[in-house]
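S.K.: Here is what each chain is made of, one letter per residue.
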Amino acid sequence: GESVGLHLPTLSVQEGDNSIINCAYSNSASDYFIWYKQESGKGPQFIIDIRSNMDKRQGQRVTVLLNKTVKHLSLQIAATQPGDSAVYFCAEDTGANSKLTFGKGITLSVRP
Amino acid sequence: DVKVTQSSRYLVKRTGEKVFLECVQDMDHENMFWYRQDPGLGLRLIYFSYDVKMKEKGDIPEGYSVSREKKERFSLILESASTNQTSMYLCASRSSGAKNIQYFGAGTRLSVL
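Protein sequence lines correspond, in order, to chains A and B.
Mapping of the first sequence onto our numbering: residues 1 to 112, in sequence order.
Mapping of the second sequence onto our numbering: residues 1 to 113, in sequence order.
Be aware that a few hints might be false.
To be verified - The calculated lysine-lysine pairs, modelled on PhoX-like cross-linking and capped at a C-alpha distance of 25 angstroms, are: (1) A:Lys71 - A:Lys99; (2) A:Lys42 - B:Lys53; (3) B:Lys18 - B:Lys55; (4) B:Lys71 - A:Lys42; (5) B:Lys13 - A:Lys42; (6) B:Lys13 - A:Lys99.
Simulated from the structure, these hints should not be mistaken for lab results.
What you are looking at is a predicted structure, and each value in this text was computed from that prediction instead of being measured.
Work the whole structure out from these sequences, hints included.
M.R.: Shown next, in the form of structure tokens:
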């Protein structure tokens, strides 16, 4: 889920396990979604996207699932590695003036 | 690869100073954005520009202005810096194509003392 306080929620996983990061989006009119990864000291980096006419899209080691009924998006990372440790956040495109609405992010911590 | 370059990684300024944050992109993107990122608040849009000399207010424009004289460069200006403008500032750009993927710079961490 999304953070509502000063500290981001943290997901801690064992190296090699699969990770699932969840996001609840706000606007039922949103038709395009993006997952970003932000490593410490860096800007957000595009990972994967999905349009609203799809419910699943796979990339390399990552899968995004979209459930429009409950306005829920998830990012699955297979065989999580230490390099996956970062803040992950979702973004939705409502189609208004090129703007994206970003979630507050979840910290993924990978235990060796 | 898309490259968005922010001129400074770290800046320390005093209250009342005029501050310029510069951003350059090398992909001929029409749209450019300035965000600030604060703990617990996520990314908040300050201003964006969809063409040279064009600008639109985002969600939190107060205390900021922008300049886009050339397509590749988008500047954020703090006319009189205040302590509550201490933050991480992120610049992004995107093309006007079908997919709204914004590409980000590494960020500028600004401290106003």
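S.K.: The structure should be examined with respect to each hint, and the outcome stated for every one.
M.R.: Hint check results:
With a C-alpha separation of about 19 angstroms, the suggested pair A:Lys71 and A:Lys99 falls inside the 25 angstroms cut-off, and the hint holds. About 28 angstroms separates the Cα atoms of A:Lys42 and B:Lys53, which puts this hinted pair outside 25 angstroms; it is violated. For a cut-off of 25 angstroms, the pair hint linking B:Lys18 to B:Lys55 stands: about 20 angstroms separates their Cα positions. Of the pairs offered as hints, the one joining B:Lys71 and A:Lys42 holds, with about 24 angstroms between alpha carbons and a cut-off of 25 angstroms not exceeded.
At most 25 angstroms may separate the alpha-carbon atoms for a hinted pair to count; B:Lys13 and A:Lys42 meet this at roughly 21 angstroms. About 30 angstroms separates the Cα atoms of B:Lys13 and A:Lys99, which puts this hinted pair outside 25 angstroms; it is violated.
When held up to the earlier numbered hints, the structure conflicts with 2, 6 and fits the remainder.
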